[in-house]
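> Please arrange chain P on chain U, whose structure you already have, making use of the hints.
There are 2 protein chains.
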Amino acid sequence: MERRTLQGIRVLDVTLVYAGPFCGLLLADLGAEVIKIERPGGEVGRFLPPLHKVEIGGPQRENRSGYFMSFNRNKLGLTLNLKHPKGIQIFKELVKISDVVLENYAPGVMKNLGIDYRVLKDVNPKIIMASISGFGQKGPNSQKVSFDIVAQAMGGLMSLTGYPQGPPTKTGTSLGDCVASLYAALGIVASLYHREATGRGQYIDVSQQESIASILEAAVVRYTMEGKVLTRIGSNNPNASPYGCFQCKDGYFIVGVVGEEQWERFCQALGVEEWRQDPRYRTNVDRLDHVFEIQKEIESWAKDYTVEEIIQKLERHRIPCSRIQDITELVHDPHLKERRFFVEVEHPIIGKVILPGFPYKFSETPQAEPKPSPGLGEHNGFILTRYLGKSAEELKSLYAEGVL
Amino acid sequence: MERRTLQGIRVLDVTLVYAGPFCGLLLADLGAEVIKIERPGGEVGRFLPPLHKVEIGGPQRENRSGYFMSFNRNKLGLTLNLKHPKGIQIFKELVKISDVVLENYAPGVMKNLGIDYRVLKDVNPKIIMASISGFGQKGPNSQKVSFDIVAQAMGGLMSLTGYPQGPPTKTGTSLGDCVASLYAALGIVASLYHREATGRGQYIDVSQQESIASILEAAVVRYTMEGKVLTRIGSNNPNASPYGCFQCKDGYFIVGVVGEEQWERFCQALGVEEWRQDPRYRTNVDRLDHVFEIQKEIESWAKDYTVEEIIQKLERHRIPCSRIQDITELVHDPHLKERRFFVEVEHPIIGKVILPGFPYKFSETPQAEPKPSPGLGEHNGFILTRYLGKSAEELKSLYAEGVL
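Going down the list, the protein sequences come from chains U and P.
If you're matching positions, the first sequence starts at -13 in the working numbering and goes up one per residue.
If you're matching positions, the second sequence starts at -13 in the working numbering and goes up one per residue.
By construction, these hints were calculated from the structure, which means they are not laboratory data.
Note that the structure is a prediction, hence the values are computed from the model and not measured.
Worth double-checking, as some hints may not be accurate.
To be verified - Distance condition first, Cα-Cα at most 20 Å in a straight line; then the derived EDC-like pairs of lysine to aspartate or glutamate:
1. U/K107 / P/E350
2. P/K112 / U/E324
3. P/K39 / U/E212
4. P/K124 / U/E324
5. U/K124 / P/E324
6. P/K323 / P/D312
Pulled out of the complex, with its shape left as it was, chain U reads as follows (with noise of 0.2 Å):
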């Protein structure tokens, strides 16, 4: 069997939803062990939509969400009860021969339940814990409660995105919760890399509004440099032009344009070398200056055109173009079939699933095999008995006063 990247190391997920989940699997999917330890009950992800035979209650009621399966594939299922001291005990037992401990609930709950770095530093000091929260841990808003899409209104994100006349709008996903995901894995693994060289742990600290605040391109520096707050122009880039989505035909279509080479090549591409001599649109920031103009003759050029048209016509000039998939499309793209990015998972509840996959391949070190998301306490038993000793007898016990 070959070697994975994280082989060896071993995460502590203590996380509800996505933004932590999704950095679980993130480490999953390099070949870290991943235990997800929830409260018994079940954290919330296990009640989110697609459920397999929607139906309230009924049985396994707590295994049936597609939600859930996404971002915790590839791990191992532990329930623990943080508010029973017993539940405690056994969790810095775990932290004791891990590398990794990953939390995402509101600044401040891991001191109440007494299992903060200081005190899990001192039960492992080569322990690395990264936190996730909407504002960090601290500073005046620190303890707002926040979800994604906060994150995406306060770190200027929701400003940009969107169309001139209509509102500020949310990006079609939860990007402050993957986009600090990506950071509190990006950060747990250098910290892994540090920890070779040095034999010490740290605590990371990952902000979701400072996550999105570091994604604007260069929407802070056109502010801080020449005071130009930029703000919604609907598909449109605001450092290069034409670069939009664009309606034709029978849709839309969407083409990149950077640099006058690119501009003279796409201008031909059209037939429209008229556009090159005007002057609005002489260099970059000219066109720039007139955004929507250009919008509005690229539209009213393309109306006579075919999504598959234009895109034949601008391939052979070699501009970037294409265009849009919806789900269903994505799902079938045969590039990214040959690719094998999607991946099948069996579930013993929902059955055969596909998801996607590693966004990227290594040539050492391939995705494995994907396992499913654990039932509710599914590895309850081999953590216990395998990793920390226990008896059947104390598991039984541990049952029974709640702690599992």
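Quick look at chain P alone, frame taken from chain U:
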């Protein structure tokens, strides 16, 4: 001086514009030494706005871009003509003493230059190389020219962003670039960890389309499990309701409600207990089925209140909510100021500029004072004499031959 997280790691950053440079920045901010390698004229990012004292031509035209500064601060600058045999030779000498090569040319370009992974791993078997491209290195679409917007369109995200009656919408940043950068950085650092254990480098192929397709939250599984094709629902959330952006008396506010207990508190906060009795809104699944009706009801309630009043009501009941910050508000956000999120960089031509900094804080390896982006070829002398032992004479002739 404190040790940095990726202390001692050297990265050759042969990248353009945003996707690659942003990945290099992530590694530089973690403490790696990143050498930005550009063609002698400078990469295209050096000419993107904002430009200091905007003028076409003029002295130091290539050292005036705040765009370039945003993603190339903390790097060393080397010019190198990779179409010249001596440029290739110098590149290989650098690969021998480096840990990582990062590139975002179109697939095939590195091979045509004679410096693809097959060649470089013979030069340095421990080298880790990552390529970021629109569709990945292999597969039927790999040769298509691509920019970030292509990834957003072909990765499914544009079909999910925007309003039902409006067009598919690009997120207000080059998300296909930054998410792929984050994956590339994660893959590189995970491979550094893997190399510590095995002594072996590897090659990482990052696809921007797949990077986007991997962050669609539950959109894929909604389709593959229950055949539901998610599409544009404004700022609403396909997994929880009410959760979106709502118009009120003097602007917009956002609110996120997940789960029945929060729904109860939300109705209390607004004083609309009757909604809790409404059979259309009984469970989260019911509310998702009536997401636009709820939006209308909330906006009809909200038209009598200001953003500030509504936020006070919601915060009193600990419901996640906020106003929407534009870029001015973001840069002056007191919370971000207290967390020292923004950093000030002093550039010899541009002067002092405020830029976004680290979105995560490390307890042991804090962010260093950032250095400005390098002038074009600023470190040619330093790198070639100090690292490769060239003489001043050799440097002179390399310039004369057009290698630097």
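> Indicate, hint by hint, whether the structure satisfies it.
Against the structure, the hints:
1. U/K107 / P/E350: The given pair, whose Cα atoms are some 12 Å apart, holds under the 20 Å limit.
2. P/K112 / U/E324: Not satisfied, since the Cα-Cα distance of roughly 29 Å exceeds 20 Å.
3. P/K39 / U/E212: The hint holds at about 9 Å.
4. P/K124 / U/E324: holds (9 Å)
5. U/K124 / P/E324: holds (9 Å)
6. P/K323 / P/D312: holds (16 Å)
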